[in-house]
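Participant: The residues making up each chain are set out below.
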Amino acid sequence: GAVVSQHPSWVICKSGTSVKIECRSLDFQATTMFWYRQFPKQSLMLMATSNEGSKATYEQGVEKDKFLINHASLTLSTLTVTSAHPEDSSFYICSARRSNEKLFFGSGTQLSVL
Amino acid sequence: QKEVEQNSGPLSVPEGAIASLNCTYSDRGSQSFFWYRQYSGKSPELIMFIYSNGDKEDGRFTAQLNKASQYVSLLIRDSQPSDSATYLCAVNIGGGSEKLVFGKGTKLTVNP
Numbered sequence: 254g255a256v257v258s259q260h261p262s263w264v265i266c267k268s269g270t271s272v273k274i275e276c277r278s279l280d281f282q283a284t285t286m287f288w289y290r291q292f293p294k295q296s297l298m299l300m301a302t303s304n305e306g307s308k309a310t311y312e313q314g315v316e317k318d319k320f321l322i323n324h325a326s327l328t329l330s331t332l333t334v335t336s337a338h339p340e341d342s343s344f345y346i347c348s349a350r351r352s353n354e355k356l357f358f359g360s361g362t363q364l365s366v367l
Numbered sequence: 051q052k053e054v055e056q057n058s059g060p061l062s063v064p065e066g067a068i069a070s071l072n073c074t075y076s077d078r079g080s081q082s083f084f085w086y087r088q089y090s091g092k093s094p095e096l097i098m099f100i101y102s103n104g105d106k107e108d109g110r111f112t113a114q115l116n117k118a119s120q121y122v123s124l125l126i127r128d129s130q131p132s133d134s135a136t137y138l139c140a141v142n143i144g145g146g147s148e149k150l151v152f153g154k155g156t157k158l159t160v161n162p
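For the record, the sequence lines run as chains A and B. Residue 293 in this note's numbering sits at position 40 of the first sequence, with consecutive numbering throughout. Residue 110 in this note's numbering sits at position 60 of the second sequence, with consecutive numbering throughout.
Read the hints as simulated data drawn from the structure, not as lab findings. Remember, predicted model here, so these are calculated numbers, not experimental data. Just so it is clear, CB atoms sit at the ideal spot from N, CA and C, and this is done for glycine as well. Do not take every clue at face value.
Stated by the list, open to error - Partial pick of chain B residues on the chain A-facing surface, computed with a CB cut under 8 Å:
| no. | residue |
| --- | --- |
| 1 | L61 |
| 2 | R78 |
| 3 | K92 |
| 4 | P94 |
| 5 | L138 |
| 6 | E148 |
| 7 | G153 |
| 8 | K154 |
| 9 | G155 |
Stated by the list, open to error - The calculated EDC-like cross-link candidates involving lysine to aspartate or glutamate, where the alpha carbons are at most 20 Å apart (straight line), are:
| no. | chain 1 | residue 1 | chain 2 | residue 2 |
| --- | --- | --- | --- | --- |
| 10 | B | K149 | A | E305 |
| 11 | B | K52 | A | E312 |
| 12 | A | K355 | B | D108 |
| 13 | A | K294 | B | E55 |
| 14 | B | K117 | B | D128 |
| 15 | A | K355 | B | E148 |
| 16 | B | K154 | A | E312 |
The shape of chain A in the complex, shown without the other chains (with noise of 0.2 Å):
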């Protein structure tokens, strides 16, 4: 069974408004989750790599004022997209790795902003 969990799959918002993500770890700690994008027929982009109690690590171009990531616990990171628009439409995944284990994928949530 799935071992991080994503919600919501898809949320549809009007422009202006914000949107929480959240990214679960269900069976395992992490201290470390990673938060992708992917545009239709691209791949997957690095947004941001989340660090239990402390500030997360925004990759070149993303910004950290839009994008608000929280990994207060260690089973929980949260993205806020604040201040939704069209353009920030997209595919959004969290990840997360378990131990030394391989990198388990959420199952996405699909984002569209009217």
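Add chain B to chain A, keeping to what the hints say.
Facilitator: Just chain B, lined up with the frame of chain A:
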């Protein structure tokens, strides 16, 4: 800019044939290489990973790595229609980082 390049395809093979997917990467310091399968609208799922030069086989899948040429490939033997998906090559960037850089993926279609 560390890059991972893949032929976007589409690659079309008949059922039962061998599908060959290729990937090159730019960072010589990369140590870990992964192949993911992604169905439309779904998250990627890991198919194979390889760390050492040479071949690694797992069932119908064989990953091949050549660090000197900065090249990694995935062979799928006895291709099935259910193998039809986009295959993403991912490479960890060097220096022991956990970060993965993904290629754009190759779309594979296996025709019955």
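Participant: Now, for every hint given, state plainly whether the structure supports it.
Facilitator: A quick look at each hint next to the structure:
| no. | hint | in the structure |
| --- | --- | --- |
| 1 | L61 | violated, 15 Å |
| 2 | R78 | violated, 20 Å |
| 3 | K92 | holds, 7 Å |
| 4 | P94 | holds, 6 Å |
| 5 | L138 | holds, 6 Å |
| 6 | E148 | holds, 7 Å |
| 7 | G153 | holds, 6 Å |
| 8 | K154 | holds, 4 Å |
| 9 | G155 | holds, 6 Å |
| 10 | B/K149 <-> A/E305 | holds, 16 Å |
| 11 | B/K52 <-> A/E312 | holds, 13 Å |
| 12 | A/K355 <-> B/D108 | holds, 16 Å |
| 13 | A/K294 <-> B/E55 | holds, 14 Å |
| 14 | B/K117 <-> B/D128 | violated, 27 Å |
| 15 | A/K355 <-> B/E148 | holds, 10 Å |
| 16 | B/K154 <-> A/E312 | holds, 18 Å |
Of the numbered hints given earlier, the model fails hints 1, 2 and 14; all others are met.
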